[in-house]
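Colleague: Counting from 1, position 253 in the sequence shown corresponds to residue 253 in the numbering used here; the numbering is continuous, with no gaps.
Calculated directly from the structure, the hints in this document are not laboratory data. Remember, it's a predicted structure, so these values are computed and weren't measured experimentally. Keep in mind that the hints are not guaranteed to be accurate.
[Unchecked claim] Ranges between beta-carbon positions, derived for each pair:
#1 Asp322 / Glu276: 22 to 32 angstroms
#2 Thr166 / Thr272: 20 to 30 angstroms
#3 Thr129 / Leu328: 14 to 24 angstroms
#4 Leu328 / Leu100: 18 to 28 angstroms
#5 Phe232 / Ile271: 45 to 55 angstroms
#6 Gly104 / Thr219: 46 to 56 angstroms
#7 Ala282 / Leu100: 29 to 39 angstroms
#8 Pro92 / Ile271: 20 to 30 angstroms
#9 Ala282 / Lys188: 14 to 24 angstroms
#10 Asp340 / Glu252: 29 to 39 angstroms
Even glycine gets a Cβ: it sits at the ideal position worked out from N, Cα and C.
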Amino acid sequence: MSRTRTMRRFAVPLSIAAVAIAVVAGAGIVSAEHPPELPARSAAELLADVQNSDVPGVSGTVVSKVELGLPNLPGDLLEPGSRTLRMWYASPDKVRVAMLDKLGEADLIRNGEDVWTWDSRQNTAVHYTLPDRAAGLALWPPNQFTGTSPMEAAEQMLASIEPGTTVTTDGTAEIAGRSAYELILEPKDSVSLVDQVRLAIDSETGLPLRTQVIAVGATEPAFEVAFSRIEFDVPDAENFTFNPPAGVEVVEGTDVFTDLGSTKPEHDGEITTVGEGWNTVAVVNLDAEALFGSMTEDVESRDDIDVDLSGLFEQFPAVSGDWGSGRLITSALVTALVTDDGRVLVGAVTPERLYDVAA
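I would like the entire structure built from these sequences, with the hints used as guidance.
Modeller: In structure tokens:
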């Protein structure tokens with residue numbers, strides 16, 4: 001049993017989440033009919049609240065929803081719909097995240113120098129001892145869980161604020177039983193696929209409770225993340241202690257950073273970016289075989305689906321222009337151009353923006 005397989009089954013949907021940024025809650029999380037009455041606060045004050053938010057600990061349940069409009073794939077790969085995650089956070093070196101699905105659970109636990117990954121479906125647990133060089137580092141969020149909490153999603157969106165963004169407020173909301181202010185970010189650049197980002201900010205702590213990303217021309221979020229339940233107490237120490245269930249195969253890992261990052265496909269050079277803010281495009285030298293190699297490897301390692309992805313790349317439309325030729329992958333919030341000369345360009349932008357950068 002490969003030690004990297006314990007978390008790999010979540011890599012595909014969560015890597016898409018990391019690129020597009022953010023996810024949402026189901027029924028009962030938001031009370032739109034009777035929004036709470038709160039003292040007025042300006043957009044600048046809400047931004048300061050988020051930046052100054054300092055809670056001793058947090059735990060809760062996060063429900064996510066993705067509706068990117070990507071092509072239907074076999075099994076549950078890139079499957080739209082909701083996913084559930086539970087999290088406990090006491091400090092940078094005491095973190096637990098549990099990804100739940102209909103067939104099992106996968107956990108990542110950091111407790112000081114000890115790191116565990118556990119996959120109930122594979123019945124395998126991997127233990128790592130962090131080296132001295134990593135003792136003071138925060139292993140949060142791990143690659144497989146990037147963008148899956150409202151705080152992480154909000155942090156990424158707030159980093160996009162620059163002169164090309166209009167920042168306003170829009171009333172209040174109730175998230176996970178708590179009163180929140182709504183902060184709205186709207187790109188001014190017409191090449192952006194993002195119409196607006198809505199952040200629900202806890203009125204007492206300043207912690208983001210929900211992040212929504214709405215695509216141009218849409219009324220419902222394409223991507224959301226929100227707490228359905230949240231507690232601000234420091235989680236008990238027992239939450240960060242992992243005792244392998246009876247019958248679980250335990251493997252001693254070698255390098256936690258290499259293993260947890262192993263789902264990223266190899267590429268020939270560093271990722272470069274063109275533009276800034278909402279029109280940013282990432283460019284990397286990476287052929288199509290490498291791009292889809294990690295997805296194929298993920299499918300081949302799973303026992304619950306039996307599919308052939310060899311023709312997946314050919315499903316996407318062929319395009320050409322002054323920049324050359326290749327394949328175009330589009331969704332509500334993300335566009336990717338895979339060129340025949342070995343480049344991949346990705347951004348939350350229109351295809352025309354990618355063509356301009358590729359030229």
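Colleague: Each hint: holds or not?
Modeller: Hints versus structure:
At roughly 24 angstroms, the beta carbons of Asp322 and Glu276 sit within the given window of 22 to 32 angstroms. Range check, Thr166 to Thr272: Cβ separation about 28 angstroms, and the 20 to 30 angstroms hint holds. Distance hint for Thr129 and Leu328: a CB-CB separation of about 45 angstroms, inconsistent with the stated range 14 to 24 angstroms. At roughly 34 angstroms, the beta carbons of Leu328 and Leu100 sit outside the given window of 18 to 28 angstroms.
The supplied range of 45 to 55 angstroms is broken by Phe232 and Ile271, whose beta-carbon atoms lie about 37 angstroms from each other. In this structure the supplied range 46 to 56 angstroms is violated for Gly104 paired with Thr219, their Cβ-Cβ distance being about 35 angstroms. For Ala282 and Leu100, the hinted distance range of 29 to 39 angstroms is satisfied, since their beta carbons lie about 31 angstroms from each other. Taking the beta carbon of each, Pro92 and Ile271 are about 26 angstroms apart, inside 20 to 30 angstroms as hinted.
Distance hint check for Ala282 and Lys188: the Cβ-Cβ separation is about 21 angstroms, which falls inside the suggested range of 14 to 24 angstroms. A C-beta distance of roughly 44 angstroms is found between Asp340 and Glu252, which places it outside the suggested range of 29 to 39 angstroms.
In summary, the structure is inconsistent with hints 3, 4, 5, 6, 10 from the numbered list given earlier, while agreeing with the others.
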